[in-house]
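J.: The lines below spell out each chain.
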Amino acid sequence: MESLTFDLAQQSLRDLNHYLHNEAKTASVKKVVVTNPDGAHNIAVGLDCPVEVEVIGHAGYYAGGMNKTATVTINGSAGTGVAENIMSGKVHVKGFASNGAGASAHGGLLVIDGDAGLRCGISLKGGDIVVGGSVGSFSAFMAQAGRMVICGDAGDALGDSLYEAVLYVKGSIKSLGADAQIEPLIDADIKVLTELLTAAGPAFAAHDPKSFKRVASARSLYHWNADANQEY
Amino acid sequence: MCGIVGLLVKKPALRSQLGELMVPMLIGMTERGPDSAGLAVFTDSLAESSRKISVYSGLTADGADFNWQALGHGIKTHLGVEASVEAKGNHAVITIKGAAEPVKHWIKEQHPKLHLLSTGRSIDLYKDIGTPAEVAERYDFKNLKGSHLVGHTRMATESAVTPDRAHPFTAGEDFCLVHNGSLSNPNGIRRMLEPRGITFETDNDTEAACRFLEWRLREGDELEVALQKGFEELDGFYTFLMGTPDRLALIRDPFACKPAVVAETDDYVAIASEFRSLAHLPGINNAYVFEPAPEEMYVWKA
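Chain order of the listed sequences is A and B.
Quick note: the first sequence uses this note's numbering, first residue 1, plus one each step.
Quick note: the second sequence uses this note's numbering, first residue 1001, plus one each step.
Wrong hints could be hidden among the right ones.
As the list claims (entries may be wrong) - If you want a taste of the chain B side facing chain A, the calculated C-beta under 10 Å gives, among others:
no., residue
1, Ile1027
2, Thr1030
3, Pro1254
4, Phe1255
5, Asp1267
6, Phe1275
7, Ala1279
8, Asn1286
9, Val1289
10, Phe1290
11, Glu1291
12, Pro1294
Stated by the list, open to error - Far from chain A, some chain B residues (derived; all Cβ distances over 12 Å):
no., residue
13, Gly1028
14, Glu1031
15, Leu1046
16, Leu1079
17, Ile1107
18, Leu1193
19, Cys1257
20, Ala1263
21, Glu1295
22, Val1299
To be verified - Okay, the calculated beta carbon distance ranges per label pair:
no., chain 1, residue 1, chain 2, residue 2, range
23, B, Lys1142, A, Ala145, 49 to 55 Å
24, B, Glu1219, A, Thr198, 35 to 41 Å
25, B, Glu1295, A, Gly152, 14 to 20 Å
26, A, Thr35, B, Gly1197, 56 to 62 Å
27, B, Glu1109, A, Gln10, 29 to 35 Å
28, B, Lys1010, A, Thr198, 54 to 60 Å
Honestly, the hints are just simulated from the structure, not real lab data.
For glycine and all other residues, C-beta sits at the position ideal for the given N, C-alpha and C.
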């Protein structure tokens, strides 16, 4: 069997996730289609095998969260915390994503075709995020490792208290957060952008890697400065 | 946590289905707000000289057996005001010919435990403790008719679970507000409003936001101006949904701490805390679905 459908109007979310956590690891099913998600929370969370999941409709909170090796595609919008804390694999949201998308992702790739809400990529720990639209305020707050590509605009306080994650923004940046700074784009950045835009899919091919700005940490907050008198 | 739902139908023919369309929306927010529920529905407006008052008797000794007809009779004999009463259990809508204030004053004097839910020419308000499904059934929400409504399911955090602390809150006439979130300066708002003669009925933070915005509207601010002052004065986490006889308005705090999602078609605008409450609306698959931005005003005209 190549493909299996779970209709959440008929079957429970628990049935779906139980299948994905257990049988999917050994079954010959390559693709699981989820219909009538109707905004349910926790769709396809905690996957740990290279199965492909396609959600037809809008997903609720934490869709594809904690993912390892699986590919989760949402043909609709995603609620708060989509692809939160993913370790590897790919989560693709074809609509918009709400707040906290890709928060603390350790690895893997999150692609959002539309806009992302506030705090996208907050505390990013090594994952990659590509957003076709704009991201809301406080995105990449305290992001430690990984890369974020924003093809639209960024809201307020982008990259506040940034560690070693690197952000690329094509549009405007409403404001940078503390310790985040715009740096010149070097060849290595062009290579990263080309790689991530290609991985994100054909819809992203139109973006010229050279048209992005690089945002990274000035590293001035890395060490406590007793002489700063709490003025930063 | 709480749940918010709102629905505005764009075609007059759909007004008779308003309640039926909304009940699954309200029940969809049960997990966000299982302890109380309520809604305000805006109907065709009464004549300029008439008013209707939604009244709740659940806090009186008689509860759902309250003698509503005697109350209507009392208004007629003691105040000489023509009054008709439409009652269902612990709830009644009293329609009067004349000003509302003397009637409200008399009701409060005679029956201090009756809770006056709303006053106006267009608004009917229902709220009570219980799950959204129980409250919807209690007041037969599915048969409500009107152009738009504002609903809420409550999970109390800032004040006790009682019917009067459920949402929507009202102030003045034909204005209501529901809130998901928590305010950090409701007492400051109260201290600003009370010296201006504005009285509060509960210790609830949402009541402060409701009375603040209604005060601005009463002072002559356009809705958008009042909402802008709300952004400046109200501190905390909030998604607010407000209703007036001809408008539905939505705002979210600058940090967008509380969720909201909107679906719009040629037939309706539907608002909910989460898509779960919109999923069953007709034509939702072709609706324009979006997440309202923080610190933006969204105003829809009925």
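J.: Hint by hint, say whether it matches the structure.
T.: Hints versus structure:
A cut of 10 Å between beta carbons decides the hint on Ile1027(B): the least distance to chain A is about 13 Å, and the hint is violated. Because the closest C-beta pair between Thr1030(B) and chain A is about 13 Å apart, greater than 10 Å, the hint is violated. Contact between Pro1254(B) and chain A, as hinted, is supported at the beta carbon level, the nearest pair being about 8 Å apart and thus within 10 Å. With its C-beta approaching chain A no nearer than about 7 Å, Phe1255(B) sits inside the 10 Å limit, and its interface hint holds.
Because the smallest distance between the Cβ of Asp1267(B) and any Cβ of chain A comes to about 19 Å, over 10 Å, the interface hint for this residue is violated. Interface restraint check for Phe1275(B): the shortest CB-CB distance to chain A comes to about 3 Å, inside 10 Å, so the restraint holds. Hint on Ala1279(B) holds. Least Cβ distance to chain A is approximately 3 Å, under the 10 Å limit. Hint status for Asn1286(B): violated, given a least beta-carbon distance of 12 Å to chain A, over 10 Å.
The closest approach between the C-beta of Val1289(B) and any C-beta of chain A is roughly 6 Å, which is under the 10 Å cut-off, so the hint is satisfied. Interface restraint check: Phe1290(B) against chain A, minimum CB-CB distance 7 Å, threshold 10 Å, status holds. The restraint placing Glu1291(B) at the interface with chain A holds, with a minimum CB-CB distance near 6 Å, inside the 10 Å limit. Among the interface hints, the one on Pro1294(B) holds; its C-beta lies about 7 Å from the nearest C-beta in chain A, closer than the 10 Å criterion.
A beta-carbon of chain A comes within 12 Å of the beta-carbon of Gly1028(B); the shortest separation is about 8 Å. Consistency note on Glu1031(B): stated as away from chain A, yet its beta-carbon is not over 12 Å from all of that chain's, at 9 Å minimum. Annotated as non-interface, Leu1046(B) keeps its C-beta farther than 12 Å from every C-beta of chain A; the closest such distance is 38 Å. Separation of Leu1079(B) from chain A is adequate, the least Cβ-Cβ distance of about 50 Å exceeding the 12 Å criterion.
Remark: the non-interface label on Ile1107(B) is consistent with the geometry, its nearest Cβ contact in chain A lying 42 Å away (cut-off 12 Å). With a closest Cβ-Cβ approach of about 31 Å to chain A, Leu1193(B) is found to remain outside the 12 Å limit, as its non-interface label requires. Non-interface call for Cys1257(B) relative to chain A: violated, since the shortest CB-CB distance, roughly 8 Å, does not exceed 12 Å. Chain A draws Ala1263(B) into its interface by the beta-carbon criterion, the shortest separation being 10 Å against a cut-off of 12 Å.
The claim that Glu1295(B) is not at the interface with chain A is violated, since a C-beta of that chain comes within 12 Å of its own (minimum 10 Å). The Cβ of Val1299(B) lies farther than 12 Å from every Cβ of chain A, with a closest approach of about 21 Å, so its non-interface assignment holds. Roughly 53 Å separates the CB atoms of Lys1142(B) and Ala145(A), a value that falls within the hinted 49 to 55 Å. The beta-carbon spacing between Glu1219(B) and Thr198(A), approximately 58 Å, falls outside the hinted interval of 35 to 41 Å.
About 18 Å separates the C-beta atoms of Glu1295(B) and Gly152(A), a value consistent with the hinted range of 14 to 20 Å. Taking the beta carbon of each, Thr35(A) and Gly1197(B) are about 57 Å apart, inside 56 to 62 Å as hinted. For the pair Glu1109(B) and Gln10(A), the beta carbons lie near 57 Å from each other, so the given range of 29 to 35 Å is not met. The given range of 54 to 60 Å is broken by Lys1010(B) and Thr198(A), whose C-beta atoms sit roughly 44 Å from each other.
In the structure shown, a violation is registered for the earlier hints numbered 1, 2, 5, 8, 13, 14, 19, 20, 21, 24, 27 and 28, in ascending order.
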